[in-house]
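Engineer: Listed here are the chains, written in short residue letters.
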Amino acid sequence: MLQLKQVKKEYSATAVLSIDALTIENGIILLQGENGSGKTTLLKVIAGLLPFDGDIIMNDTFSIKKQRTAFIRNINYAETEPLYPGFLTGKELVKLFCYAKKGSIANIEFMLRQLHIYDVYEKNISTYSSGMIKKLSLALAFTGAPQWILLDEPLITADQNAIDTICAMINEKHEKENISFLITSHQHFNNTKLSFTRRLLAHDRTITIVE
Amino acid sequence: MKTTLSILQKVIVNHFYKLNAGLFMFLFYVLFGLPQNVGGFHIAVATLIVQSQFSLLIVFASWFLYNMKCIDYITKQLKAPQQQFLTCILHRGRKESYWYLSFVQFVVYLPVTAYAIFLTVIAFQRELYLVIAELSGFVLLMLLTAPLLYLKILERNFSELRFRLLNSSLSIPKTLSTIPLAYIWNNRKQMLFITKLFSLLLLFLFIKTFEPDHYDIRPVLFCFLLSAISNCTIVFEIRNFENDYLQLSKNFPFSRLRRFIQAVVMYVLLLLPELIFVWKAWPVFFHSADYLQLALSAISLLLLLHTILLTGNITMDAFIKIVFAMAMSLFFIILYNPGIILPVFILLISFALFYSYYYEFEKGK
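These protein sequence lines are chains A and B, in that order. Counting in our numbering, the first sequence runs from 32 upward without gaps. Counting in our numbering, the second sequence runs from 124 upward without gaps.
Where hints are given, some of them may not hold.
[Said to hold, decoys possible] Between beta-carbon pairs, the in silico distance windows are: (1) E153(A) x E483(B): 33 to 41 Å; (2) P396(B) x S157(A): 45 to 53 Å; (3) A46(A) x D195(B): 36 to 44 Å.
It should be emphasised that the hints constitute simulated quantities derived from the structure, not laboratory data. Virtual Cβ for every residue (Gly too), placed ideally from N, Cα, C.
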């Protein structure tokens, strides 16, 4: 469970996110909203990538402001348009993430095989297509043993096979390891392979729960 | 033709001088503001240069470094996606394109050419015809060869021309300490090469020319810090790289202390050539027991520069001003021989800044 308290984020004195209080229960959560509604900002704030005012507490235990390392250990994040240094190979990046997140390299390699990008594993990322980079970032988001995985627009640029695989991975992780997901989409999500436990709506710089 | 030259002037040349305005102003102040008798001073210096082949060699080395800087800048501009329209110059044919690019090289290299003409006049007065030939040959070589490289870049053939040795990747474990260095090695080779050449040359010249009459660590310490501080552009590039590509590492469960130690390791690796080369000054300039002070001072200085860049979106111009101010301050502080207190103090300030700003820094804010 994530509790957001007085979360405010501004860019150049313009508020882009303002949440007084919000509790996100565990599960597979869909966060929808138009472009610029603050979905990515919310995910980046929870992932610890952006400074913000207020606090976020996980399971009534860890505060991102006070126990940052413990909080972040339980949060993984995959960006919409990931940007990795082109001179690194996929393998080097996987090693780095597995070292940082105490994850299993074999597990990530298995996912990369499922996503059909294992053949470029040892090649420089500069040779990858945008779709391949997206798949790599999604596999990296599953590194280690987080409680939450935040996926920003995970299905854009993905082919049908990849969509099926990603959905299967999400369901499996949720069922077997009780990992929660916060997934954003700016379009109507018509994928039936994912059963969302809750829907959130990003609108007018805040987040509301859709009943 | 006039339009093409005008576009090249606006897009490449003007921006170059604007970008390096701080450096030129500094040089102008040192060369024309400080000497009381400007004319007499410059004639004396020029005479000294043309009368000694060794002095001339040093001048050529510095002009070569400046040329590398020009090449680095122009090649980056020609490769930039927003300058892709410049490829239309090629429609005028290779020969004409070459002369257009020669114009760019000529204008950015003008400060050197002008000084070379001045030296030629002085050499002519003293009937040193070999020196005149050397000066003319060197400047023509710099002016005429660089445009060939620019032409290849414009034709997008540069990748085939790259030196295979320098193009090799660093096969070292990729950690948060080494990835920024691998980036510098892969993407900023010229900058790295010029910086290291400059900093090591500075140390070398100091060791060869300075003769202490008694033991005093201060001269070598100041020279070593200047050598370290010449890595400031690399520090700036590292911070830019971290902002662009390593933002996601904030999602790694590392404490701030651990991240700071990673930065320390990074700068130890970056300064490794200087840290090893300075042993040439042992035992005349420093004793083994003082090596820790030298090494720690240099590393903590780069850490301070790194952490200053965390405090806000600092431009290169502003950063260079900070670096100059820091070099001046260090000169006066070292005069009072602060010993190990100086590096420890710098290290503590760096850590305090790092601790306060690491998670608060946001690009563009």
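Engineer: Against each hint, give a clear statement of whether it holds in the structure.
Structural biologist: Status of each hint after checking the structure:
Restraint check, E153(A) to E483(B): a C-beta distance of roughly 37 Å satisfies the suggested window 33 to 41 Å. Hint check: P396(B) to S157(A), Cβ distance near 28 Å, so the stated range 45 to 53 Å is violated. Separated by about 42 Å at the C-beta atoms, A46(A) and D195(B) satisfy the suggested range of 36 to 44 Å.
Violated hints amount to a single one, hint 2; each of the other numbered hints is respected by the structure.
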